[in-house]
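*Asks:* The residues making up each chain are set out below.
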Amino acid sequence: MSETPSKISVKEIYKIFGPDPASVLERVRAGASKSEILNETGHTVGLRDVSLEIRPGETFVIMGLSGSGKSTLIRHFNLLIEPTAGHILVDGHDVVDMGTEELRDLRRHRMSMVFQRFALLPHKTVLENAVYGLKVAGIDKSEAEQRAREQIELVGLGGFENQYPSQLSGGMQQRVGLARALATQSEILLMDEAFSALDPLIRNDMQGQLLELQQTLHKTIVFITHDLDEALRLGDHIAILKDGALSQVGTAEEILMDPADDYVARFVRDVNRSRVITVGSIVSESRALRLSEVNPQSVAAGMEETGQRAIYVVDEDNRPIGAADEQVFTRVDGSSPVRPEHLHEPATVTTDMVIEEMLPTMATRDYPLAVVDHDGRFLGTVSRRDTVSELVPRATEPEAAMAEAGAPGGR
Amino acid sequence: MDSNFPELIESREIRGTIDDGFNWVVIEFGEALEIAFLPVLRFLNSIENALLWLPWYLVVLLLALFAYQATRSAKFAGGTIVMLFLTGLFGMWEPAMATIALMLVATLLAVIVGIPLGIAMSRSNVFQGILTPVLDIMQTLPIFVYLIPFVMLFGPGKIPALLATIVFAVPPVIRLTNLGIRQVDREVMEAVVAFGATPRQRLFSVQIPLALPTIMAGINQTTMMSLSMVVIASMIGAGGLGYQVLQGIQRLEVSRGLLAGIAIVFLAVIFDRVAQAYGRKMQQHLHLQK
Ligand SMILES: Nc1ncnc2c1ncn2[C@@H]1O[C@H](COP(=O)(O)OP(=O)(O)OP(=O)(O)O)[C@@H](O)[C@H]1O
Ligand SMILES: [Mg+2]
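Chains as they are written, first to last, in our numbering: chain A, 405 to 815; chain B, 17 to 306.
FYI, nobody ran anything at the bench for these hints, they're computed from the structure.
Since we're looking at a predicted model, the values are computed, not measured.
We put the CB at the ideal spot given by N, CA and C, even for glycine.
Take every hint as true, because none was put in to throw you off.
Cβ-to-Cβ under 8 Å is the rule here; a few derived chain A residues that face chain B: (1) Arg511; (2) Met517; (3) Phe519; (4) Arg521; (5) Tyr568.
Computed cross-link-like contacts, DSSO-like style, restricted to lysine-lysine with a CA-CA straight-line distance of at most 30 Å: (6) A/Lys623 x A/Lys545; (7) A/Lys528 x A/Lys539; (8) B/Lys297 x A/Lys528; (9) A/Lys623 x A/Lys528; (10) A/Lys539 x A/Lys623; (11) B/Lys297 x A/Lys539; (12) B/Lys297 x A/Lys545; (13) A/Lys415 x A/Lys646; (14) A/Lys623 x A/Lys415.
Distance ranges between label pairs, derived from CB positions: (15) B/Gly253 x A/Pro423: 51 to 61 Å; (16) A/Ser455 x B/Gln199: 36 to 46 Å; (17) B/Gln199 x A/Glu547: 27 to 37 Å.
All chains should be built: construct the whole structure from the sequences, respecting the hints.
*Replies:* Here it is as structure tokens:
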């Protein structure tokens, strides 16, 4: 994965707003705080030493509180804002060094943008708005209109083609902005809080559509949001910005499991962890027995060693065939060997399942689940105890933990 | 006590130099300029002649229709008919037509010159910085000052009157074109840039359409200013209603001055209402209002 070249690569950019940004750059580099700079020089630090690698075909989410610099950052990608220092490479070409023509070509064909406050053309109809990017690029009118109509249909605005933006609700205007951006069929989509103005149902719908779109089109999407659940649903990687600097970049799970600082921790505190944390990250490696090794002594020893209520039994290929505890031996007559049908049925889950998907299986078993890889080979187990303690971070009260676990998948 | 300001420089000498310089320009270029502006003069005359050639009732009717078309108000269209009829009744028909022709041509030329200047001003902060004080001065100078250089260049007549009117009336349309374009929503402009529009595409597909209501307000002000200047410009041989007022003053004929004055007010009312209505229509047409 690390070998694939980045689609967009942001290299140490700084952005300072004010009359003479260069004059304060050195102080910002030296670590002067945003408020210090503002009070003493009247300059606003927009971004501070931001570096990112965005891979082709991924959805990269940028999060952060209001004023943390999200919009400023995304505007650097198509050079609506020029950095005070640093570089932005798109497919290896530095946007900052691009000539007018090259930059225009990038904006017309390879990158399109959805704006936080819609930024529609108020004097043009929905169709004329959606067609704008194509018209500017000089695409033949009838083809352009057809493409625009398809996108209008896709965002659910069929029938509104001849309305003006002032006649539409905020959510509808936002979808016009989305249609306009999709119509150019650029491989990179920049979306600045594109779904924030939508009501929950449509929003959910649009998220679904975006995910679907991604499965066929594999666009590279940079997506800004305030909504953590949205970030977790859409984002392959998430970057968290604070006061213009990156606090953390990683997968949703990495950020949830290991928040870099308090700011990030507070950000992710209210998230539904069971939807993000995967089985793979809570599996405890444990030994499994071969069928021939199963006897009362080995099972008792294994259970004591792992502290769990059963121990898994695997075949020669290391695939679980069942779980053993004391009960097993009540089914075996005398000293005849233990056979697979004597064992408890194996309950297996894969490493890439999120906890929420695993919970139904867990609820119906009173012994641990076997975790297997994609080939079905045994890796270890997950117990209820591990699951609960992962879902309730830093919970000290066992009762509280149990109460939480009683409502799996709850929000 | 020094009650007299000391003469630190030879101001008379400086004035002399300026006057000599200007005289030189007049002698060298006066004729060429006159020839250059001949087409404008012909254009102006043909409009005036057309207004006078048409039967008066047709002119009244056309102007009333024009007023109705703009305002959609039968009352105002009726008012227009009455006002124009009264103007004729006062014996002011011919001077009124001369004034209308001069005003229309001056406004038209002011718009043709002013909008591109306004656009240029909106695109360059440097140019804005240079032009703003110039426009400020133009708007504070006493009206009569405009007349002097033009009379010197062309001698009394319609061309200097027209040019003085244009120079006097052009600032609002320049200013408001600049303002209108600069006021276009920043994010909308960003969106347009983000889709790769060239500066030209930005201008024609977004900036001018969205600035139109403001530009119309500028044109409205320019129209009113050119009307007022046309009256003053009668002093240098433009004829028209202003000339009637002037004669009223010179001959101490209160009635003549008064009737011409009323006719001027009528024209002002008609053109002001029409221009304003066009501005509003433009705004609705562009769906800029909810
Ligand atoms: N043109 C500008 N001039 C001066 N300061 C600016 C400018 N644009 C942004 N800033 C400053 O940069 C900082 C980041 O602004 P930005 O709009 O990127 O925030 P954001 O994270 O997108 O916030 P929100 O979630 O509210 O949209 C703010 O402190 C803002 O005041
Ligand atoms: Mg923002």
